[in-house]
Amino acid sequence: MNQTDEQDREKIRAIFSHYHLLDPISRDARREIAASSPLTQKEIGYLSPRVPRPLRLAEPKPEPEAEEPGERPQTVEAKEVRELYETIELTLEDGERVLVKPEKLSLTKENKAVTLYPGGLFTYGGERVRFKGVVDQTDRNPDHHGKVVIELELGEGGGLHRLVSKDEIQESGEDFWPFEKLGQEEVELQYQKQVEALRVAGFIEDIGGGREGIKAIDGNAYPVPELETVLALMVEKQELLSTKIEQGFTKLLLVPFGKKLTELTDGVSRQILAHKKANKLFATKKDPNNPREALVPLDLDESQPLWVWDQYPDADTSGNMVYYPDQYESEHHGGKKKQDILAAPGAIPGWDILLVEDLPNIPRANQGKTVGAPGQQRKQPEAGSTPRQYLQQQKAGGAYENEEFLTPEAWLTYFATHLEETDQVIDDYQGNGSVRYLGAAWFPSSGSVPSACWYRDSRRAYLYGYGPGYRDDDCGVGSAVRVA
1 MNQTDEQDRE KIRAIFSHYH LLDPISRDAR REIAASSPLT QKEIGYLSPR VPRPLRLAEP
61 KPEPEAEEPG ERPQTVEAKE VRELYETIEL TLEDGERVLV KPEKLSLTKE NKAVTLYPGG
121 LFTYGGERVR FKGVVDQTDR NPDHHGKVVI ELELGEGGGL HRLVSKDEIQ ESGEDFWPFE
181 KLGQEEVELQ YQKQVEALRV AGFIEDIGGG REGIKAIDGN AYPVPELETV LALMVEKQEL
241 LSTKIEQGFT KLLLVPFGKK LTELTDGVSR QILAHKKANK LFATKKDPNN PREALVPLDL
301 DESQPLWVWD QYPDADTSGN MVYYPDQYES EHHGGKKKQD ILAAPGAIPG WDILLVEDLP
361 NIPRANQGKT VGAPGQQRKQ PEAGSTPRQY LQQQKAGGAY ENEEFLTPEA WLTYFATHLE
421 ETDQVIDDYQ GNGSVRYLGA AWFPSSGSVP SACWYRDSRR AYLYGYGPGY RDDDCGVGSA
481 VRVA
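For the sequence shown, the working numbering begins at 1 and goes up steadily by one.
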């Protein structure tokens with residue numbers, strides 16, 4: 001305005017005011033601007049009516065090639081837990097050596113079925129011991145065949161081993177599941193709900209042989225991880241997981257990481273729309289455990305239930321988005337492409353098995369709780385820091401050691417499963433929640449950290465990004481610990 005002629009200034013001010021050009025910009029508008037890409041010089045030039053537009057003739061769409069009858073992507077199986085069932089040699093208390101097969105052991109205790117997995121801790125005769133396996137049929141002493149091997153005097157370097165019978169374990173054994181705050185039955189129930197939610201969202205499909213799974217970006221098919229495999233992996237990592245479960249990491253997530261990101265966003269869009277049409281789309285409760293708290297219906301823009309920033313399509317297949325960066329830098333970020341992660345060996349190829357804090361509402365400042373056993377307590381990260389600060393806090397270890405942030409794939413899985421189980425969205429930042437930085441991924445070219453939320457003003461979910469130095473009182477992180 002200061003550059004206009006004084007005689008015309010009031011007229012120009014009136015015109016600007018009429019078109020709201022002088023209105024202050026709200027914080028939500030600034031958020032949308034921050035998530036958008038600036039116009040290029042070419043795009044600015046095209047705004048002028050004097051600039052000729054190039055004529056582009058659309059290429060005819062090629063006809064899809066006919067699929068050979070019975071042709072399917074190669075199915076990649078999960079690796080056997082602990083290379084199951086490779087025979088190992090152990091030394092007994094008396095110095096004798098035995099061949100042991102580290103396989104599961106099924107028991108019945110107090111009329112309930114119990115399964116012991118190799119490496120699992122339990123109480124035997126009042127002493128904590130570790131189940132190692134069963135003596136193999138190839139052992140030189142036939143009297144040992146079928147006997148159960150337990151490890152005594154646990155500690156660094158391992159202890160002594162003893163042979164006991166299955167009947168003796170059923171009689172004198174107890175506390176077979178190592179996680180007090182996340183029971184085996186609860187894990188099994190969560191697993192069943194997860195698989196059903198993945199099915200409803202269209203994340204999994206028939207991959208042949210009567211099995212469900214995903215068809216990944218590398219052309220392979222990866223079956224849904226079996227419940228037994230998930231339980232065995234949890235037992236195998238019990239020392240790490242016990243601490244994190246005590247700290248509140250009690251929500252199981254089966255993340256179809258290898259699936260194309262666009263297929264996951266399309267699935268969530270369809271799921272949100274289906275819930276709205278069934279009148280089952282609600283805001284996140286302030287207290288998820290309060291059955292008396294009323295559900296608040298949400299409006300929805302049915303034309304676009306999930307808004308996806310234009311940086312995301314094909315970013316996982318092209319490598320424009322990387323995963324698990326060491327730092328948020330355009331170069332030397334240490335992140336990995338999805339193709340490279342899928343090509344690396346893993347216990348459950350194509351999938352991430354996580355335990356997350358079940359926090360559909362990321363706490364704001366001074367609202368985070370301190371959770372954990374004495375001496376191992378952890379303060380829930382609160383909204384209000386930058387993505388870079390959260391990453392530095394995580395890398396520093398301490399109470400946050402062995403944690404990772406969510407990927408966009410993990411967030412979409414969390415959103416889909418929470419919606420299916422509760423009819424509620426997550427990260428409703430204009431309600432009881434906060435915007436969630438998805439700090440386990442990174443866009444090096446645009447310098448953005450993926451972010452997500454439910455945006456009431458636009459009546460939809462949002463998947464977008466912020467710079468690593470961006471800070472707002474309503475933006476925070478959620479964390480996970482890896483099972484596989």
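Keep in mind that the hints were calculated from the coordinates and are not lab data. Heads up, some of the hints might be wrong.
[To be verified] FRET-style restraints, in silico, Cβ to Cβ:
1. 334 / 86: 42 to 48 Å
2. 103 / 125: 22 to 28 Å
3. 301 / 262: 31 to 37 Å
4. 262 / 393: 28 to 34 Å
5. 86 / 389: 42 to 48 Å
6. 371 / 339: 35 to 41 Å
7. 297 / 374: 31 to 37 Å
8. 346 / 206: 21 to 27 Å
9. 401 / 290: 19 to 25 Å
10. 211 / 346: 35 to 41 Å
11. 304 / 211: 30 to 36 Å
12. 262 / 88: 42 to 48 Å
13. 293 / 371: 36 to 42 Å
14. 330 / 92: 54 to 60 Å
[What the hints assert, rightly or not] Straight-line Cα separation of at most 27 Å, DSS-like style, residue types lysine-lysine; simulated pairs:
15. 260 / 285
16. 251 / 395
17. 181 / 101
18. 101 / 112
19. 369 / 336
20. 166 / 286
21. 181 / 336
22. 286 / 112
Note that this is a predicted model, so its numbers are computed, not measured. Note that the Cβ used here is the ideal one computed from N, Cα and C, for glycine as well.
| query | Failing hints, ascending? | reply | 1, 3, 7, 9, 10, 13, 15, 17, 19, 20, 21 and 22
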